[in-house]
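**Student:** Each chain, written out:
2 protein chains.
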Amino acid sequence: MSRAPLALVLLVFVAAVASADAPKPEKVIQYRQSIYHVMLWNWAPMLDMAKGKRPFDAAEFKQHAERLATMTRMLDDAYPEGSDKGAQTDALPIIWENKKDFDAKLADLQRETQNLATTAAGGDEAKIKEQLAKTGGTCKACHDKYRAD
Amino acid sequence: MSRAPLALVLLVFVAAVASADAPKPEKVIQYRQSIYHVMLWNWAPMLDMAKGKRPFDAAEFKQHAERLATMTRMLDDAYPEGSDKGAQTDALPIIWENKKDFDAKLADLQRETQNLATTAAGGDEAKIKEQLAKTGGTCKACHDKYRAD
Chain A
1 MSRAPLALVL LVFVAAVASA DAPKPEKVIQ YRQSIYHVML WNWAPMLDMA KGKRPFDAAE
61 FKQHAERLAT MTRMLDDAYP EGSDKGAQTD ALPIIWENKK DFDAKLADLQ RETQNLATTA
121 AGGDEAKIKE QLAKTGGTCK ACHDKYRAD
Chain B
1 MSRAPLALVL LVFVAAVASA DAPKPEKVIQ YRQSIYHVML WNWAPMLDMA KGKRPFDAAE
61 FKQHAERLAT MTRMLDDAYP EGSDKGAQTD ALPIIWENKK DFDAKLADLQ RETQNLATTA
121 AGGDEAKIKE QLAKTGGTCK ACHDKYRAD
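So the sequence lines, in the order shown, correspond to chains A and B. Taking the numbering used here, I'd label the letters of the first sequence as residues 1 to 149. Taking the numbering used here, I'd label the letters of the second sequence as residues 1 to 149.
Hint data in this document are derived by calculation from the structure and do not stem from the laboratory. Mixed in with the good hints there might be a few duds.
Unchecked claim - Computed Cβ-Cβ distance ranges for the label pairs, DEER-style:
1) A:Glu-81 to B:Gly-86: 23 to 29 Å
2) B:Arg-73 to A:Ala-148: 29 to 35 Å
3) B:Lys-85 to A:His-143: 38 to 44 Å
4) A:Ala-22 to B:Lys-134: 36 to 42 Å
5) B:Phe-56 to A:Pro-80: 18 to 24 Å
6) A:Lys-129 to B:Gly-137: 41 to 47 Å
We put the beta carbon where it would ideally sit given N, CA and C, even for glycine.
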């Protein structure tokens, strides 16, 4: 077998694998929205505790903060090219026109949620509330610019 | 203030907090389904690698296995009483009639997904495939009995 056909075979194989690699846009959107649902599930009780709507529980808060931080890291794979359509989504197309800025904002979120988890482990309620507000700011920064109302 | 009124005040307070604590069934179902979506997102590429549909990548496999294990732990809070209805759900009502058995099956899933993450970290492809099959068995055990077709 000459080199050319082998290269061709490999190319076809790689293409087939690449095609198996790329989930359909609607599946990406479902994945993305699922991450946000789990994030919100963990965010809500932390906010309730900060607002005094439920008693502050350091252990519970810490678990929610850790899970929130974990989920935000999964967002790295949740905005591939082409996932601006295919199902109902609040993600605005300008995300992909400003991908560097968007990724920087995502990195802010990931950093501050991790800081929240670390602060929560410390158990200092005042510091935790302060960090919760700071974390909320990184959510808002992205929502204001890149999410449909 | 006598002890009785204080106890009463506390009781009312606790009741109010408890009410703030309980998310609506449709929100629980959305949370539950979101966890499974993220689980499946991570499961699919591991299965593809095991079947040779995409090249085996130890680092990628490990990350998927860790995320899968993390998500299964969140299922602990995803089946509260009353969440058998309120939105479309494949979770059969017999879950809550057999909660001990269901919880045992969930514990099996959590243990085997954690074992998968540990095995994946070891990097031995044959052992990983074996553990993937074992893990899949714990998914199936629950689906067969507790999930609508």
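**Student:** Evaluate each hint against the coordinates.
**Tutor:** A quick look at each hint next to the structure:
For Glu-81 (chain A) and Gly-86 (chain B), the hinted distance range of 23 to 29 Å is not satisfied, since their beta carbons lie about 36 Å from each other. Under the hint 29 to 35 Å, the C-beta atoms of Arg-73 (chain B) and Ala-148 (chain A), about 32 Å apart, fit the expected range. At roughly 32 Å, the beta carbons of Lys-85 (chain B) and His-143 (chain A) sit outside the given window of 38 to 44 Å. Against the hinted window of 36 to 42 Å, the Cβ-Cβ separation of Ala-22 (chain A) and Lys-134 (chain B) comes to about 29 Å, which falls outside the hint.
As the Cβ distance of Phe-56 (chain B) to Pro-80 (chain A) is approximately 22 Å, the hint placing it in 18 to 24 Å holds. Taking 41 to 47 Å as the suggested C-beta distance range, the pair Lys-129 (chain A) and Gly-137 (chain B) conforms, at roughly 45 Å.
The earlier numbered hints that this structure contradicts are 1, 3 and 4.
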